[in-house]
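Novice: Spelled out from the first residue to the last, the chains are:
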Amino acid sequence: GAVVSQHPSRVICKSGTSVKIECRSLDFQATTMFWYRQFPKKSLMLMATSNEGSKATYEQGVEKDKFLINHASLTLSTLTVTSAHPEDSSFYICSARNQGYTEAFFGQGTRLTVV
Amino acid sequence: KNEVEQSPQNLTAQEGEFITINCSYSVGISALHWLQQHPGGGIVSLFMLSSGKKKHGRLIATINIQEKHSSLHITASHPRDSAVYICAALSMEYGNKLVFGAGTILRVKS
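So the sequences go chain by chain: A and B.
Quick note on our numbering: the first sequence kicks off at 1 and runs consecutively.
Quick note on our numbering: the second sequence kicks off at 1001 and runs consecutively.
Note that these hints are calculated values from the structure, not bench results.
Please note: incorrect hints may appear among the correct ones.
[Unchecked claim] For each label pair, taking beta carbons as the anchor points, the in silico distance ranges come out as:
id, chain 1, residue 1, chain 2, residue 2, range
1, A, Ile-12, B, His-1073, 21 to 31 Å
2, A, Thr-102, B, Glu-1015, 28 to 38 Å
3, A, Glu-63, B, Ala-1076, 46 to 56 Å
[Unchecked claim] In silico contact screen, one side only, chain B against chain A (beta carbon under 7 Å); selected entries:
id, residue
4, Gly-1028
5, Ser-1030
6, Ala-1031
7, Gly-1041
8, Ile-1043
9, Met-1048
10, Gly-1052
11, Leu-1090
12, Tyr-1094
13, Gly-1103
Just so we're clear, the structure is a prediction, and the values are computed from it rather than from any experiment.
For every residue, glycine included, the Cβ atom is placed at its ideal position computed from N, Cα and C.
So here's chain A without its partners, still in its complex pose (with noise of 0.2 Å):
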């Protein structure tokens, strides 16, 4: 299948800064990136939709200011949690989907901890 590298892996913040994480499509073009977001034991939460080159779509509920999702490229999108709290702690991960398929890939995730 295809692959979809998510970076980091691992992250320990400061409360008060912020976090960038990275989602790269390595051999297709995502036209289509999705971020989610899973607590512990829970399934994934989808955040947000990202099409390239346009603004996200943010889930009801999701703070569009505090998560900045940017998809200025079809082989990358990112995700900025601004102004971290530790509520923000968890794993994140992203998906991407080329269009016209409806199969999507997973990035590996990250795992957010602020302290």
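Given chain A, work out where chain B should sit, using these hints.
Specialist: Same frame as chain A, now just chain B:
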């Protein structure tokens, strides 16, 4: 009631056993995914299917569109199969977004 329901929630098997995980959904779908999540967190897409049956190695996935039901089978299970298996429906009613089941935690003992 969740739109995608999986059973069982937890499953412990002995190495070599045949395993079945079930998924029922109530939304209209264009496809259904079976995903595998290992303890490290990364997710691997095992199958995407919209009809019939697919096989890859020891894994088999089936779907019955009329009954809105899918199954994932693992033959000759092995401890390395231990993971969380997630059923996800690509839902037309949700703008072609994935709707996830709660996952099945599988542990295969040697």
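Novice: It remains to establish, for every hint, whether it holds in the given structure.
Specialist: Here is how each hint holds up against the structure:
no., hint, verdict
1, A/Ile-12 to B/His-1073: 21 to 31 Å, "40 Å, violated"
2, A/Thr-102 to B/Glu-1015: 28 to 38 Å, "35 Å, holds"
3, A/Glu-63 to B/Ala-1076: 46 to 56 Å, "47 Å, holds"
4, Gly-1028, "14 Å, violated"
5, Ser-1030, "6 Å, holds"
6, Ala-1031, "5 Å, holds"
7, Gly-1041, "4 Å, holds"
8, Ile-1043, "4 Å, holds"
9, Met-1048, "5 Å, holds"
10, Gly-1052, "16 Å, violated"
11, Leu-1090, "6 Å, holds"
12, Tyr-1094, "9 Å, violated"
13, Gly-1103, "6 Å, holds"
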